[in-house]
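Given chain A's structure and the hints, the job is docking chain B onto it.
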Amino acid sequence: MNKELLKKSQSLIALLLLCIVISILSDKFLSANNIWNVLRQISVNVCISTGMTLVVLMAGIDLSVGSVLAFTSVICAGLLKDGITIGALNIHVGFTIFGGILAAIIVGLLIGLFNGLVITKFSLPPFVATLAMLTIARGATMLYTQGIPISNLGPKFEYIGSGWLIGIPVPVWISILLVLLVVFISQKTAFGRHIYAIGGNEKAAFLSGINIQVTKLIVYGISGMMAAVGGIMVTSRLNSAQPNAGASYELDSIAAVVIGGTSLSGGIGTVTGTVIGAAIIGVLNNGLVLLNVSPFWQQVVKGLVILLAVIIDRKSKK
Amino acid sequence: MLTAYNLKHINYQYFTFTVQHSTLIKSLNHIIVLGGCSLKKLITMKKIIISSVLAVVAIYNSIYIESLDDLKQKKDSNFDFAKYSQDLYQQILAKSQAVELSQLLSSFAENDHANIAKYGNRLGIGSSAYYLVKCQAKILEVQGDRLKVLAAGNRLLDIDTKFIFGNAIRDASGLVKLTDFKTTAEFNKISESLNTIIREKAIPEELKTVKAGDTIDIVGAVKLGEKQHDLLNLSVLPIKISKI
Chain A
391 MNKELLKKSQ
401 SLIALLLLCI
411 VISILSDKFL
421 SANNIWNVLR
431 QISVNVCIST
441 GMTLVVLMAG
451 IDLSVGSVLA
461 FTSVICAGLL
471 KDGITIGALN
481 IHVGFTIFGG
491 ILAAIIVGLL
501 IGLFNGLVIT
511 KFSLPPFVAT
521 LAMLTIARGA
531 TMLYTQGIPI
541 SNLGPKFEYI
551 GSGWLIGIPV
561 PVWISILLVL
571 LVVFISQKTA
581 FGRHIYAIGG
591 NEKAAFLSGI
601 NIQVTKLIVY
611 GISGMMAAVG
621 GIMVTSRLNS
631 AQPNAGASYE
641 LDSIAAVVIG
651 GTSLSGGIGT
661 VTGTVIGAAI
671 IGVLNNGLVL
681 LNVSPFWQQV
691 VKGLVILLAV
701 IIDRKSKK
Chain B
453 MLTAYNLKHI
463 NYQYFTFTVQ
473 HSTLIKSLNH
483 IIVLGGCSLK
493 KLITMKKIII
503 SSVLAVVAIY
513 NSIYIESLDD
523 LKQKKDSNFD
533 FAKYSQDLYQ
543 QILAKSQAVE
553 LSQLLSSFAE
563 NDHANIAKYG
573 NRLGIGSSAY
583 YLVKCQAKIL
593 EVQGDRLKVL
603 AAGNRLLDID
613 TKFIFGNAIR
623 DASGLVKLTD
633 FKTTAEFNKI
643 SESLNTIIRE
653 KAIPEELKTV
663 KAGDTIDIVG
673 AVKLGEKQHD
683 LLNLSVLPIK
693 ISKI
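Protein chains in written order, with our numbering: chain A, 391 to 708; chain B, 453 to 696.
It is worth saying that the hints were derived from the structure and are not from the lab. Careful: at least some of the hints might be erroneous.
Said to hold, decoys possible - Below 25 Å or equal to it, Euclidean Cα-Cα: the simulated DSS-like pairs (lysine-lysine) are: (1) K471(A) x K526(B); (2) K535(B) x K471(A); (3) K578(A) x K499(B); (4) K526(B) x K641(B); (5) K546(A) x K526(B); (6) K499(B) x K471(A).
This structure is a prediction, so every number in the text was calculated from the model and none was measured.
Isolated chain A (complex conformation) (with noise of 0.2 Å):
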């Protein structure tokens, strides 16, 4: 019982031992201001892993997220800014802070259902269709933005990403309330518990009448919100929208899934898990720099921290 319960909370253990260490280390790390910051700074990968937890739960993988997450950030962006034009009608259609957000939402939603669509529907793994995706969307970004940032969006969008409610900062909130969402999703409905069999194995779901096809339509559809969630949080943080926003973000929410203690092979994880997988890779982060670590040993550092959390999640299945 006791080693079962040291296994599930392995990670919340070395997120513990990881913060007194830094700590002990670095008089900064423990002041109010920084850990509001590293709060901050992990809602945006929190918001992505979420997504990419159900995603890897069911055996899958979403690589587009960063793209997708620089290409909402754009549309959210030259929407609010500069609205769409129809010449023919003689008209100009402005976006609202809520339109924008709500427009970049759609385009990361269809966007997910592309993924989803292309992965049931051609027998694609999803490695190579998300794959596909992160260049498409990284090009689309660019070819929207022709490679130039959008900025000045006004104060009021820039209180989504760097206010204040109630002594919290606001995108902690976002990240809170879409956190508990998707733990409600995946532990209290059936959709969730199809999620889960889904990655359990995929044959004996679907001989117990799930629908895998729209399971995972909508499982994608979901990452590639969250992602656009992601991208409208970092476009309001930095009031401007950069094309090349989002690079390496896939990467960095596989890893808060993977340390979060869920399986890549799916079936296996919690959310819960994944936000203190986020949480270990954001302070981690955190860390570093307030050690003076060399931002290129810093990678290194983020890879061996991987790399131990998946033999570790290896042995203890073992």
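Same frame as chain A, now just chain B:
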């Protein structure tokens, strides 16, 4: 006492009740008919209506539509003349449409009307046109804000670096149309701010680097009449001076 028979009987009764119960629900579903719609259809319709209302509310709060004319008017009232002129200045230099001064003057000397018309830009129906010209010249003398330079063909040019006013540069560029602006005042404001950039920023910076005897590249604007007789005493409004 519960015997095997009793259990079987109870199970049978339960089964019968369940079947009857579900049949009852189905019957109720068919009995409740409102305007020809079954309960199931009503629920679906309710869902569609709620979704449509939500979609309408979302769209209403997401977008606003305005006519392009209103938008243009709004933009014009916030028009940034300084930025527009700065961009225009860069465009004039980047496009490099300037004709060699010697080439332009020989066209005039030969009454080559086709080329004269090609090189010049004119506004309206006036007899004078504005030309964007370039040449290489040697500075003979720096007299305060004036430069006396000797261009190709031993042509003496007088360049006033301080008295840069009027619409010559704007019109010589051929890049600004009167129809782009609502009023003539706004159109002229472009000249005013373009001249200010050249007079107070671009030329003074370049002048710091030159002295008598230096060879320079000049890009400038000249105003010439259709039948210009005096081709010797030309006054060039400088746009850019750079030391070679």
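Comparing the hints with the structure gives:
{"no.": "1", "hint": "K471(A) x K526(B)", "verdict": "15 Å, holds"}
{"no.": "2", "hint": "K535(B) x K471(A)", "verdict": "19 Å, holds"}
{"no.": "3", "hint": "K578(A) x K499(B)", "verdict": "23 Å, holds"}
{"no.": "4", "hint": "K526(B) x K641(B)", "verdict": "18 Å, holds"}
{"no.": "5", "hint": "K546(A) x K526(B)", "verdict": "21 Å, holds"}
{"no.": "6", "hint": "K499(B) x K471(A)", "verdict": "35 Å, violated"}
Checked against the numbered hints above, the structure violates only hint 6.
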